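Colleague: The residues making up each chain are set out below.
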Amino acid sequence: MFRAALRLSVSGARSLTRSRPQYTASVAARSYSHGKQETDEEFDARWVTYFSKPDIDAWELRKGMNTLIGYDLVPEPKILEAALRACRRLDDLASAIRILEAVKDKAGPHKEIYPYVIQELQPTLSELGIPTPEELGIDKA
Amino acid sequence: MLHLTAGRVGGLLSRRGVAAFSSSSVKMASHGHGEVTEQADMSVPMYWDRLDTPLPDRPYKDTLSSTDKSLKQKEKGPWNNLSKEEKLALYRMTFKESFAEMKKPTGEWKTVVGGIFFFIGFTGLVVLWQRYYVYPPHPRTLDEEWQAMQVKRMLDMRVNPVEGFSAKWDYEKGQWK
Numbered sequence: 001m002f003r004a005a006l007r008l009s010v011s012g013a014r015s016l017t018r019s020r021p022q023y024t025a026s027v028a029a030r031s032y033s034h035g036k037q038e039t040d041e042e043f044d045a046r047w048v049t050y051f052s053k054p055d056i057d058a059w060e061l062r063k064g065m066n067t068l069i070g071y072d073l074v075p076e077p078k079i080l081e082a083a084l085r086a087c088r089r090l091d092d093l094a095s096a097i098r099i100l101e102a103v104k105d106k107a108g109p110h111k112e113i114y115p116y117v118i119q120e121l122q123p124t125l126s127e128l129g130i131p132t133p134e135e136l137g138i139d140k141a
Numbered sequence: 142m143l144h145l146t147a148g149r150v151g152g153l154l155s156r157r158g159v160a161a162f163s164s165s166s167v168k169m170a171s172h173g174h175g176e177v178t179e180q181a182d183m184s185v186p187m188y189w190d191r192l193d194t195p196l197p198d199r200p201y202k203d204t205l206s207s208t209d210k211s212l213k214q215k216e217k218g219p220w221n222n223l224s225k226e227e228k229l230a231l232y233r234m235t236f237k238e239s240f241a242e243m244k245k246p247t248g249e250w251k252t253v254v255g256g257i258f259f260f261i262g263f264t265g266l267v268v269l270w271q272r273y274y275v276y277p278p279h280p281r282t283l284d285e286e287w288q289a290m291q292v293k294r295m296l297d298m299r300v301n302p303v304e305g306f307s308a309k310w311d312y313e314k315g316q317w318k
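Listed in order, the protein sequences are those of chains A and B. Here the first sequence stands for residues 1 to 141, where the numbers follow the working numbering. Here the second sequence stands for residues 142 to 318, where the numbers follow the working numbering.
Hint data in this document are derived by calculation from the structure and do not stem from the laboratory. Remember, predicted model here, so these are calculated numbers, not experimental data. Quick reminder that beta carbons are idealized off the backbone N, C-alpha and C, glycines included.
Derived pair list, reagent style DSS-like, types lysine-lysine, alpha-carbon separation capped at 25 Å:
| # | chain 1 | residue 1 | chain 2 | residue 2 |
| --- | --- | --- | --- | --- |
| 1 | B | K202 | A | K140 |
| 2 | B | K237 | B | K225 |
| 3 | B | K244 | A | K140 |
Sample of chain A residues lacking proximity to chain B, with all beta carbon distances greater than 12 Å (derived):
| # | residue |
| --- | --- |
| 4 | Y32 |
| 5 | E38 |
| 6 | E41 |
| 7 | R46 |
| 8 | Y50 |
| 9 | K53 |
| 10 | P54 |
| 11 | P115 |
Let's have the full structure, built from the sequences with the hints guiding it.
Modeller: Listed below in structure tokens is the structure:
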């Protein structure tokens with residue numbers, strides 16, 4: 001999720017020329033009093049695996065997306081990429097566009113998140129031919 | 142009676158055909174009153190537009206025309222082959238309102254505030270009517286004349302002469318201090 005952005009900018013592992021938005025999002029979604037805390041990477045990996053299932057069905061896609069949107073976070077681009085590819089396997093362009101709309105809504109007042117996500121997803125969007133809501137003009141009522 | 146277990150009842154129902162029970166809610170709701178507004182059948186997957194649940198249980202349009210069906214076929218191929226209008230059409234087939242349309246302000250607040258003012262105004266009229274038709278005659282003890290006589294009597298009686306009423310009256314000069 002977006003706390004990854006902080007770590008990446010610190011480690012300098014990614015390209016330094018691209019300015020990353022800084023977030024002070026709180027750590028992990030769950031607070032158990034016992035047991036191991038799931039790290040961000042584990043969370044992301046789990047969701048990428050979920051959407052990457054080759055024979056994912058429409059119900060699983062809907063359930064996955066609705067659950068993911070229910071969390072208090074904006075999903076990482078890699079999770080969204082897996083979800084968009086799942087839409088492709090299910091021949092569902094409309095849901096792919098809906099997912100992008102939902103991501104923009106999840107970002108709420110943080111207007112810099114959505115452009116960043118779209119930027120990260122651009123190769124996938126071009127490859128699969130998924131238009132952004134802005135391209136279709138449905139981002140304005 | 143006791144022999145009729147749940148399983149038997151279930152069997153009876155299935156034999157009669159569950160069709161009768163899954164009939165449209167319009168029939169179920171109309172107790173012969175005539176016209177009843179169509180109620181959503183909640184026993185089948187529903188459509189919704191919700192920000193927090195972006196993908197509803199069914200697409201918006203479930204009965205597709207032949208053009209829609211052929212577009213759906215085209216959707217199975219590469220999406221880069223679709224024109225922008227076709228992509229938009231596919232979106233609108235599956236979804237009723239876009240997120241922007243869902244979040245559009247309704248202007249309901251104007252109705253609410255207008256309603257508030259209207260009812261306050263109406264209440265004002267009611268109060269006014271009350272003043273003329275409900276209230277009993279004005280008590281004469283509240284007339285200017287009576288009140289003046291009352292004040293004079295209180296001063297003559299030296300009501301509260303130390304710190305209260307009469308203490309504020311200057312008896313030499315015959316006026317309030």
